[in-house]
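Chains as they are written, first to last, in our numbering: chain A, 1 to 760; chain F, 1 to 328; chain U, 1 to 162.
Hint data in this document are derived by calculation from the structure and do not stem from the laboratory. Just so it is clear, the structure is predicted and the values come from calculations on it, not from any experiment. Possibly wrong hints are sitting among the right ones.
Now the in silico label distances, taken between C-beta atoms and shown as ranges [stated by the list, open to error]: (1) F:K302 <-> A:G64: 17 to 25 Å; (2) U:G16 <-> A:L62: 23 to 31 Å; (3) F:G136 <-> A:L376: 52 to 60 Å; (4) A:D497 <-> F:P85: 21 to 29 Å; (5) A:K631 <-> F:P190: 46 to 54 Å; (6) A:L62 <-> F:G206: 32 to 40 Å; (7) U:E147 <-> A:D497: 22 to 30 Å; (8) U:I13 <-> A:A83: 51 to 59 Å; (9) A:V671 <-> F:P85: 40 to 48 Å; (10) A:R463 <-> U:G81: 25 to 33 Å; (11) F:K302 <-> A:M597: 44 to 52 Å.
By construction, the Cβ of each residue, glycine as well, lies at the ideal position given by its N, Cα and C atoms.
Each chain, written out:
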Amino acid sequence: MNSTFQYVGKDLPRIDAVAKLTGDAQYTDDLHLPGTLVGKLLRSPHAHARIRGIDVSKAEALPGVKGVVVGTDAPIRFGILPAAKDETALAIEKVRYVGEPVAGVAAVDERTALQALKLIEVDYELLPAIFDPYEALTREDVKIHEGCKEANVERRGSLEFGQVDAGFADADYIREDSFFKEAITHAPLETHVALANYRDGKLTLWSTTQVPHSVHRSISEVLEIPMDRVRVIKPTLGGGFGGKGEPFSFEFVACMLSRKCGRPVKIVHTREEVFLSHRGRHPMHMKLRTGVKKDGTITAVVFHNLLDGGSYGSYGLVTLYYSGQLLTLPYSLPAYRFDAARVFTNKPACGALRGHGAVGPRFAFEVHLDRIAADLGLDPLEIRRKNALQPNTMTLNELRITSCGFEECLEKASQAIGWEERRGKLPRGRGVGLAGGGYISGAGNAIYYNPMPHSNVNISVDRGGGVTVFCGASDIGQGSDTMLALVAGEILGVRPDAVKVVSADTDTTPVDLGSYSSRVTFMAGNACKSAALDVRGKILAIVAEHLGVAAEAVRITDGVASAKGCERTLSFAQAVVLAESKGAPIFGSGGYTPPKMGGSYRGAGVGPSPAYSFGAHAAEVEVDEETGVVKVLRLVAAHDLGRALNPLAAAGQVQGAAVNGLGEVLLESHVILPGGQHASPSFLEYKMPTMLDVPDVEPILVESVDPEGPFGAKECGEGSLHPSIPAVINAIYDAVGIWLHNAPITPEAVLEALRKRKTP
Amino acid sequence: MMPLPKFHLERPQSLAAALRLLAESPDALPLAGGTDLLVSMKQGLYAPGTVVDLKKVPELGSLEIGAGGAFLGAALKLAAVRDEPALKERYAALSEAAAAVASPNIQNMGTLGGNVCLDTRCWYFNQSEFWRHSKGYCLKKDGDICQAAPGAKRCFAVFSSDTAPALIALGARAQVASWDGESAQLREFPLEELYREDGISRIALGQDELLVGLRLPESRGVKSGYLKYRKRGAIDYPLASVAVALRMADGVMKDVRIVLGALASAPVIAFEAMELLEGAQPSPELLTRAAELVGKRTCPVKNQAGTPAHRKSIARVYCQRLLTGLAK
Amino acid sequence: MIIVKMTVNGNPIEVGVGDEETLLETLRQRLGLTGTKQGCDLGDCGSCTVLIDGKPALSCLTLAADAEGREITTIEGLAHGEDLHPVQRAFHEAGAVQCGFCTPGMVLTAKALLDANPNPDRDTIKGALAGNLCRCTGYVKIVDAVENAAKVYPRARVEEAR
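Just chain A, same shape as in the assembly:
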């Protein structure tokens, strides 16, 4: 199938791997400018308090301290969503969670900066704090944000499609279940770091960000420096997963301190500060009601969701709508009603994390579906097949489905796990489970409304035949730089490992909206393809003229241009020199703008995507009925990614996402204690899986070849997380006959469920 491609579809090691393997790669904390000061943030010890005053005089007087900043130094509000600009660089009137930054210090060294923090006196008036989202719904007397009309509800969202009541009336069987999905956090190995240098009216910020463009805009707005005087650079980044996906306090504060001190300032978060910054998964309290016919055909679904948003808006409004909108994947729902609220609580804000919005609902729905299948005596594989979405259809909430390999994912995952031979037939304590999922390949709408492309690429070619791709896309470890090199190499006929990529530098690279919503391969890939075609067209014209053939006859393969029926060839470099001799260097550009999509109802803007990935995971588990410990023995992860541009990288994405899901179902919870302190602010207490806690995930790449994706590709790094959680829980039912409705599961919950099952 891939024979028409030179490089696409073949394993390509990352173009930055050698630098990362030898210590050459420069992460933000590895950068050093002469005279750099150490910046530190003073954080609130209180979950909810009014700030009556801040006295920084003692800190300022400490020898070695070069500057102190507070909230009133930069009072303009920011937030990743234009509809939820509710943060300031440092807290001004109130603090809303334990760990909220209230002041910044720059000093000559770390110990002096830490000492200075202790000398800052903040006069707090304690306010009652809310940690329970149900309490947040009703407490009118405590307002975490003054602007909330109803108690502490940031937003209610509801959707209704089709004849819901009629759907239930038409059902042979109706089931209702409640579920809870606890928060997890991103836990990238690299902590957040910013290095700011303000000099001569121009500000340069090196930061660990997934969204250089958003940071660029926000820094300009908040610090009131025109965008053309601000440069944001993302050096090599040590993992994001959504945790570096919006502007953060430390970025503004590093810039403020540098402007104030006239020296570069670096802020490096401790691991604890990363946990406090959070913006991870929303805890979701969910209720599902589904009607089905006897054969398992779904007639109607009702979904309620209460999202515990923590202290700020972050991406939360999008999370709210994703949680409802994406429930219509990967099954065909004829009628659907969704009601949800996102509330504020005095905890670190929740935001976007790998699989954003859809993880909780997908876990709930897939377990709910298995329960329905069990009640009706249906095979969980059959009920999924029966309701599976088909290619080239429209969901009832007007999501446009183009390519769809869901059924193939189901077949392949179930086959690989031995579904027919093993389900219900393994010895007690062992079981298999299955679950499906679907996810967006980028958001159809930009975070802030604008008519410009979502991704842009420039390509220049030098006289030696060297190809350089310039793109704002942020390689956060997922490999977007390598993807760009591959796409450019494929179109231009040059080896991808020879293509240079300059990315995520707002001075030199054209805008890409950032690494979120699984958008980069699809959107930056398409922009790159288009830019490369632009360059290719220019080169082919010259080659054709030189060889005396038609441009359509020319091919470039492995850096050599040739034409059928013509004995002469030209190297790519020779072609470039010929072209440049016409009077200007060879340069191409391209952009990608998604087509107009989606409905016109309230909430319709969230969910539309130019393509959707699909997946099915099959798990085999072993349950120790004496200890309650569950071990996942196998996890098969079939994922429809359209086309595997680089199977090596794609398999790595699927494996990483699936293991994130396994951590989420078996081990991880991001919990805030009564009082507002983080329950596990370290890699010792936050239980991210080690090598010994997860099986070797077996990826299966399913290629549905998307009509609009670059070479048919869709997303693969996020959607491949969702099904692993319910697959494990469904396998536990097969193993020992218990249903678990809370994730993560705990040995205690397993034992409790086993006890209840024995004594009904």
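Chain A is fixed; fit chains F and U onto it per the hints.
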């Protein structure tokens, strides 16, 4: 970065020099592998004026394994204990316990003595200065209430050593050196006597005393094992652990020792269960009864991951599994 | 201030360090060897792993003064010029690197494992690397890489010894 607080580093070359330094500086703390103390210092839990690094003290590094037993120096790396074939063969519980500590790279650094003298641990104690300030300080450090059990008069921090329960089950004796003003004085006593059921004053060592090593009796056909419960396969401290040692003679169990870890502020010796089993023929019913007795020995509080009740029940299950495997 | 004499990546080095300075601080801040990463600074994640006399150790919990007389190997010291160490090459080819932040610690821990045991099975590899956290890869390709490196290791080691 979490910088270490300023201190003066001493690197004595002999046991006597180390003891003298400790005796002469009341705010000195001994440092072995550093994997416990340095973490606590970074979190602001300890700020010794002087740190006495024991790595160059030759008396602490011995390893003697002979017919009459074994002597293991306190400064032996956990990895060395883990990998020593003779220990694996004769004192399996110890070998298994050393292999279960944290992670392999920590085992390369941490010492046996450090693990035996491990500080007690608690959610409300092992936190940064920022966190403890926010929550309110606790009995063990800077405060006057126990955050885990408000109203309690004592500290319930947990003794989380892996090797100590194994060593006690194997009948180890601690060799301790103290400073009499002129030279090092050595004494030996059963290791269990080193510990106190008190999260704050966890070990019975004075400021001028050091653990020199552990003496293990002749193995005489004793079979032993160690099982550790934790959330993850590596990195984590135990949430509950069990060490069992016994030997089989003429079909009956002899010299039965059962020790629980991570369920109290000191290792817990399960005397009732040991008495029940001593001299008896193993049967599934008897082993179950013994395991149930073990489960009743402790009442942990909620100051670690997992629920106290579950941690206790794990002790019962693991004890039964160890007994079933060993009493053959 | 203590003067420490040590060998770093084969080069004899004499450096003044603070009593309370960690080896991680010395390597990154004084010697500019930023390939050694700081992930948690509390000994939980393995990102700062270096080899001390050939054995993996966490540099965030090692006092710089303790490096006296020792041979320190950091990720910068593994390749011979352009020639990657077999473990590095295997990581490259197997796709075992994503964000790369755990990579130096993983590679050095794996090298020490293979130096001691050139033929480890999969479970042994997982056991040896279990203290090194990775959030990107799901670990499979890292274990694959170490397995692949082991296949060429005996020969590579002989070559290295020459």
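A range of 52 to 60 Å was offered for this pair. Does it hold for the Cβ distance of G136 (chain F) and L376 (chain A)?
Given range 52 to 60 Å: holds, Cβ gap about 54 Å.
Is it true that the C-beta distance of L62 (chain A) to G206 (chain F) lies inside 32 to 40 Å, as the hint says?
holds, 39 Å
Holds or violated: the 22 to 30 Å window for the beta-carbon distance between E147 (chain U) and D497 (chain A)?
holds, 24 Å
For the range 23 to 31 Å, tell me whether the beta carbons of G16 (chain U) and L62 (chain A) fit it or not.
Given range 23 to 31 Å: holds, Cβ gap about 25 Å.
Does the hinted range 51 to 59 Å hold for I13 (chain U) and A83 (chain A) at CB?
The hinted range 51 to 59 Å holds for I13 (chain U) and A83 (chain A), with Cβ atoms some 56 Å apart.
Supplied distance hint 21 to 29 Å, evaluated on CB atoms of D497 (chain A) and P85 (chain F)
violated, 47 Å
CB-CB spacing for G64 (chain A) and K302 (chain F) relative to the 17 to 25 Å hint
With a Cβ separation near 43 Å, K302 (chain F) and G64 (chain A) fall outside 17 to 25 Å, so the hint is violated.
A range of 40 to 48 Å was offered for this pair. Does it hold for the Cβ distance of V671 (chain A) and P85 (chain F)?
Holds - the Cβ-Cβ distance for V671 (chain A) and P85 (chain F), about 44 Å, lies within 40 to 48 Å.
Given the hint of 46 to 54 Å, is the C-beta distance from K631 (chain A) to P190 (chain F) inside that range or not?
violated, 38 Å
Is the hinted range of 44 to 52 Å satisfied by the C-beta distance from K302 (chain F) to M597 (chain A)?
holds, 50 Å
Just tell me: holds or violated, for the beta carbon distance of R463 (chain A) and G81 (chain U) against 25 to 33 Å?
holds, 29 Å
Hint check: violations occur at hints 1, 4, 5; the rest are consistent with the structure.
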